[in-house]
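Visitor: Position one of the sequence shown corresponds to residue 22 (the numbering used here), numbered consecutively onward.
Please keep in mind that the hints were generated in silico from the structure rather than gathered at the bench. Built from N, CA and C at the ideal position, the CB exists for glycine as well. Any given hint could be a false lead.
What the hints assert, rightly or not - Quick list of simulated restraints, FRET-style, between CB atoms:
id: 1; residue 1: D27; residue 2: V61; range: 27 to 37 Å
id: 2; residue 1: G37; residue 2: R71; range: 42 to 52 Å
id: 3; residue 1: V28; residue 2: G97; range: 13 to 23 Å
id: 4; residue 1: T70; residue 2: A40; range: 40 to 50 Å
id: 5; residue 1: R69; residue 2: L29; range: 27 to 37 Å
id: 6; residue 1: L33; residue 2: V82; range: 31 to 41 Å
id: 7; residue 1: M75; residue 2: A35; range: 36 to 46 Å
id: 8; residue 1: P41; residue 2: D88; range: 20 to 30 Å
id: 9; residue 1: A40; residue 2: I66; range: 42 to 52 Å
id: 10; residue 1: K67; residue 2: I39; range: 47 to 57 Å
id: 11; residue 1: V34; residue 2: R63; range: 13 to 23 Å
id: 12; residue 1: P96; residue 2: I39; range: 38 to 48 Å
id: 13; residue 1: D93; residue 2: G37; range: 22 to 32 Å
id: 14; residue 1: Q76; residue 2: V36; range: 41 to 51 Å
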Amino acid sequence: MGEIPDVLAKRLVAVGLIAPREKRQEDTTTLGEFIDAYLVSRADIKPRTRINFMQVRRDLVARFGEDQPLRDVPPGDA
Numbered sequence: 022m023g024e025i026p027d028v029l030a031k032r033l034v035a036v037g038l039i040a041p042r043e044k045r046q047e048d049t050t051t052l053g054e055f056i057d058a059y060l061v062s063r064a065d066i067k068p069r070t071r072i073n074f075m076q077v078r079r080d081l082v083a084r085f086g087e088d089q090p091l092r093d094v095p096p097g098d099a
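Full structure from sequences and hints, please.
Guide: Here you go:
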C-alpha cells in the first residue's frame, strides 16, 4: 500500500482526520548542510572542480539562504 501525497495528508490533518506526520531527516536538511555534505563526499574531484562547486554553493546560498530548508528550493530555480 502506498503513502498518500503530502498535500493530501496536510489537508486531512487540517480537518482532524489524521495525525500530523513525523518530520523526516530530509525535511529538516538545510541547503548549506546538503551542499557541504555533498562536497565532503566528493573526495574524487580535482581542485579546479572543487573551486567551481564552491562558486555554485556561494551563488545558491546568496539566492536562497544558508538555512533555507532543502525541500523549499524549487529544482528549476537551483
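Visitor: Per the hint of 13 to 23 Å, is the separation of the Cβ atoms of V28 and G97 within bounds?
Guide: holds (19 Å)
Visitor: If I claimed the Cβ atoms of Q76 and V36 lie 41 to 51 Å apart, would that claim hold in this structure?
Guide: Holds - the Cβ-Cβ distance for Q76 and V36, about 47 Å, lies within 41 to 51 Å.
Visitor: Please test the hint of 13 to 23 Å on the beta carbon pair from V34 and R63.
Guide: 38 Å Cβ-Cβ, so the 13 to 23 Å window is violated.
Visitor: Using the C-beta atoms of M75 and A35, is the stated range 36 to 46 Å upheld?
Guide: holds (42 Å)
Visitor: Does 38 to 48 Å hold as the CB distance between P96 and I39, or does it fail?
Guide: violated (28 Å)
Visitor: Holds or violated: the 31 to 41 Å window for the beta-carbon distance between L33 and V82?
Guide: About 35 Å separates the Cβ atoms of L33 and V82, which means 31 to 41 Å holds.
Visitor: Kindly confirm whether 20 to 30 Å is satisfied by the beta carbon distance between P41 and D88.
Guide: holds (22 Å)
Visitor: For the hint 47 to 57 Å, verify it against the beta carbon of K67 and that of I39.
Guide: With a Cβ separation near 50 Å, K67 and I39 satisfy 47 to 57 Å, so the hint holds.
Visitor: Okay, T70 versus A40 on CB: inside 40 to 50 Å?
Guide: Given about 46 Å between the Cβ atoms, the range holds.
Visitor: Using the beta carbons of G37 and R71, state whether their distance is inside 42 to 52 Å or not.
Guide: Because 50 Å falls inside the window, the suggested range holds.
Visitor: Taking 42 to 52 Å as the stated bounds, is the beta-carbon spacing between A40 and I66 within them?
Guide: Holds: the Cβ-Cβ distance is about 44 Å, inside 42 to 52 Å.
Visitor: Do the Cβ positions of R69 and L29 conform to the proposed distance bound of 27 to 37 Å?
Guide: The hinted range 27 to 37 Å is violated for R69 and L29, with Cβ atoms some 46 Å apart.
Consistency with the previously given hints fails for numbers 5, 11 and 12, ordered from lowest to highest.
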